[in-house]
Amino acid sequence: MHDDDLTGETLAALGERVVAQARSGEQIEVVAVRSVETDVRAWQGEVESFASATADGVGIRVVIDRRQGFAHAGSHDEEVVAETLQEARDNAAFGSPDEFLGVAVPDGVTAPDLDLWCPELAAVAPETKIDLALELERAVLAGDRRISSVESADYADSLSLGAVVTTSGIRSIERSSGCHLSVFSIAAEGKDTQTGFGFSVGRSLDALDVQQAATDATERAVRLLGARKPATMRTTVVFDPWVTAQFLGLVGATLSGEGAVTNRSLFAGRLGEPVTSSLLSLTDDPTDPAAFGAGLCDGEGLATRRNELITAGVLQRFLHNSYTGRRLGAASTGSAVRGYSSVPGVGAMALVPTPGDRNAADLVGGIADGVLVQEVSGLHSGVNLVSGDFSTGAEGLRIRDGELAEPIREFTVASTLQRMLLDVVAVGSDLTWLPMTAAGVTLVVADVTVSGE
Amino acid sequence: MTSAMPDAEVLDATLHAALRTGGDFAEVFVEDRRACRAGFDDGRIEELVSGRSRGAGIRVRAGASVGFAHTTALSPAGLREAARVAAAAARAGGVQQPGRPLSRQDAPAPNDVTAAPDTVAKARKVDLLCTAEEAARAEGSAIFQVACNYGDSRRRILVANSDGLMSADEQVKTFFSVSVDAAGDAGKQNGRETLGHTVGFELFDTVDVADLARTAARRALRKLEAVPAPSGTMPVVIGPGGGGVLFHEACGHGLEADHIHKDVSVFAGRIGEQVANPMVTLIDDGTMSGEWGCYAIDDEGRPAQRNVLIADGVLEDYMWDRLRADREGRDASSGNGRRQSYQHLPMVRMTNTYIGNGDSDPGDIVADTPHGVYVAHLGGGQVNTATGDFVFGMTEAYLIEDGRLTAPIREGNLIGNGPDVLMLIDALGNDFAMGSPGMCGKDGQGVPVGDGTPTLRVQRLTVGGTAA
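Line order of the protein sequences matches chains W and S. If you read the first sequence in our numbering, its first letter stands for residue 1, the second for the next number, and so on. If you read the second sequence in our numbering, its first letter stands for residue 1, the second for the next number, and so on.
Computed cross-link-like contacts, EDC-like style, restricted to lysine to aspartate or glutamate with a CA-CA straight-line distance of at most 20 Å:
(1) 191(W) with 263(S)
(2) 191(W) with 406(W)
(3) 191(W) with 420(S)
(4) 229(W) with 420(S)
(5) 442(S) with 48(W)
(6) 122(S) with 65(W)
(7) 442(S) with 39(W)
(8) 191(W) with 273(S)
(9) 442(S) with 151(W)
(10) 122(S) with 90(W)
(11) 442(S) with 375(W)
(12) 229(W) with 406(W)
(13) 229(W) with 453(W)
(14) 122(S) with 205(S)
(15) 122(S) with 83(W)
So the derived label-pair ranges between C-beta atoms look like this:
(16) 105(W) with 332(S): 57 to 65 Å
(17) 93(W) with 271(S): 56 to 64 Å
(18) 119(S) with 79(W): 18 to 26 Å
(19) 435(W) with 326(S): 30 to 38 Å
(20) 326(S) with 406(W): 37 to 45 Å
(21) 332(S) with 107(W): 54 to 62 Å
(22) 311(W) with 271(S): 54 to 62 Å
(23) 121(S) with 107(W): 36 to 44 Å
(24) 25(W) with 4(S): 31 to 39 Å
(25) 44(W) with 75(S): 37 to 45 Å
Honestly, the hints are just simulated from the structure, not real lab data. Virtual Cβ for every residue (Gly too), placed ideally from N, Cα, C.
With the hints as constraints, model all of the structure from the sequences given.
This is how it looks when you write it as structure tokens:
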């Protein structure tokens with residue numbers, strides 16, 4: 001392994017060496033990755049920590065006699081890779097036979113022409129990275145007299161290389177770079193303390209906006225000062241883009257072909273039927289270079305593609321990898337997602353709702369009585385994707401007579417995912433790409449229970 | 001792959017290299033982890049997965065700054081290079097600091113492991129999955145999916161630092177979970193049960209996975225009759241074991257010294273104050289034999305300890321790692337310095353956090369509650385330590401009407417504020433139990449933690465349902 005290779009060719013070559021060892025009747029898939037990362041954390045004008053590292057990984061999937069085995073290791077050492085192949089072969093003997101198992105087969109779809117790679121990041125001097133983190137902390141502290149401290153101000157970057165090679169003839173290489181700034185702010189007034197956050201994300205340094213991250217962190221914390229627990233009520237809620245993106249991430253999870261195969265999905269068996277408000281259209285589009293989750297290939301090495309999931313409320317398709325596609329007689333949608341330490345799953349990479357034609361202020365202006373949610377907590381513990389039960393901790397602002405009013409906290413927002421999707425009454429025009437698998441937009445949902453006093 | 005760990009001579013040379021350009025403290029953390037997992041879902045064994053990771057993380061501290069680098073190259077040259085990168089990152093300027101000669105200081109293991117997972121045939125692990133899935137399916141025809149997961153890991157760690165400490169530990173964990181989906185007239189429901197201990201395969205000498213499966217299946221089936229959870233503020237009784245998650249979120253994270261140091265905890269500056277009802281004594285104990293969050297040494301080489309955090313409602317102490325203990329001028333950490341892997345910096349983390357028995361009969365606690373919610377089984381939670389607001393999920397819960405458990409209710413979150421809730425605990429049962437094994441996430445790192453409580457009641461909590 002050439003430690004300074006940033007083309008990904010050495011990763012693909014590693015995969016080819018393993019695949020060349022396939023025995024008669026054996027299918028092999030190798031995923032090899034390398035990442036080069038820097039993390040800087042500033043606190044009180046000093047560098048609290050500076051970490052830099054290169055990490056390697058390899059995952060090997062073997063399918064033989066319709067059984068599957070898998071093994072992975074955090075090294076590209078030849079001896080380790082050989083041991084990993086042996087383990088994967090050994091493990092295959094224990095899987096249940098399943099005629100639909102197998103590595104992906106090239107499907108002729110051409111990978112999108114995307115430039116997600118900015119190798120100059122690797123050459124940026126450590127001082128420059130440190131300065132960005134320090135500048136971010138200063139900018140938040142200078143933003144408002146009520147900002148009492150910054151919990152952490154971080155700069156991070158990564159260069160990621162990955163290759164997938166299979167016995168079926170796939171040989172894909174993917175390279176992407178990214179950097180981000182993130183900051184957690186504390187606002188205090190009297191005995192009251194509130195928190196906020198801000199971030200900025202890009203593929204190269206010049207895409208980062210220190211001031212934007214700082215302003216968000218300042219405003220989010222300061223506007224919650226004085227927040228009280230609201231009364232319990234049934235009302236209209238407005239999700240800000242940050243919250244909507246998390247909500248859409250959950251919706252995306254219900255559209256995985258795995259849920260369609262196992263019948264766990266809320267929407268299993270409902271292709272072609274209306275499942276949401278007709279105002280909602282949702283596409284997974286990792287071919288859009290603006291998307292944080294943009295990519296050339298999926299986790300099985302197939303080209304990514306644009307997949308319409310919901311059009312004007314009607315369910316168009318589930319996302320598939322090769323396995324779930326074969327199971328349901330559909331093709332892979334290029335939606336295999338994975339790390340090197342697991343077999344391919346299925347997931348959305350870049351969900352994007354079709355924006356409406358009114359901005360956030362307009363939408364709030366039309367609401368006589370409601371709640372703007374600016375942050376949620378406990379989505380992992382309060383949402384069940386099998387039953388659809390939805391309940392999340394929240395903080396935000398009351399909406400009264402079309403205006404943002406007093407701040408509120410320590411309440412929950414509850415409904416079911418199925419109902420909320422039907423109860424969407426407006427989609428904002430403010431489409432925002434965020435560092436997650438979905439883009440955000442202001443979303444208005446009627447008839448939701450806000451639980452407080 | 002070789003399994004040898006670097007010897008004292010190599011570690012000493014690495015620490016020497018780490019402090020070559022100055023710095024106050026250097027540490028080498030070596031980790032060799034093997035894991036195995038297998039899943040059964042959709043009527044078939046999906047696949048058996050083996051994993052291996054091995055590497056070292058090197059930390060150099062210079063004044064207020066910490067430099068960190070990690071590597072998979074455990075050769076003398078590989079470690080030396082990582083030490084150089086960590087030193088450069090710490091930006092230490094100055095002259096070589098002498099480190100103390102290394103001396104081996106191991107701590108006793110919290111328990112023995114009699115059946116190391118790598119000595120157990122893979123077929124036996126897979127058999128457990130089949131046993132559990134069969135038992136779950138047999139509980140009722142409304143069950144349409146059963147997913148079972150088996151996992152084990154063996155983590156060998158070695159820590160050496162410039163104070164002369166050199167210590168090692170081997171941590172073996174075994175995990176099993178069952179998730180059952182059932183369908184009824186009112187839609188689909190899901191029930192889960194998990195088991196995890198810091199022991200080997202001998203866990204299954206005393207635990208029948210079929211029992212776990214039946215518990216998960218019954219949870220799912222019972223919930224088919226569930227009514228929407230109530231909304232608003234009301235008394236909440238939490239069953240034995242479950243309340244640990246509440247303390248983990250309501251105050252556990254707020255008692256981690258890194259949050260205190262940065263003044264982002266509602267518990268900062270409150271040592272010696274009454275912070276909870278006097279019946280509450282909260283302990284974090286990394287020595288609890290076999291529990292999910294136990295170990296002989298933490299990831300900074302410090303022996304695990306039993307730490308009393310709240311005694312009779314009075315805040316006694318926070319939890320500490322090396323960095324924060326040094327900054328506060330304490331002699332040592334409290335054995336709470338943990339990290340997800342050699343690729344991560346250590347920070348203050350909980351181990352097994354629990355409340356001991358009170359003296360109430362758990363039946364009386366429910367009988368004394370005219371109206372409210374009984375939470376039998378909890379999901380995870382989340383807290384904002386700066387405001388104290390926290391949530392936790394209920395995965396099995398019932399209405400309390402006239403002092404009796406009645407209808408099961410649908411899933412949802414509860415929300416409260418840590419300092420308020422601690423004062424509002426007004427009943428503690430005598431039926432202590434440990435809760436389910438958890439993975440606690442903090443700043444992007446996950447570590448295994450345990451918790452436990454007897455039955456307890458909180459006078460007022462906000463239940464996040466949809467019913468009026």
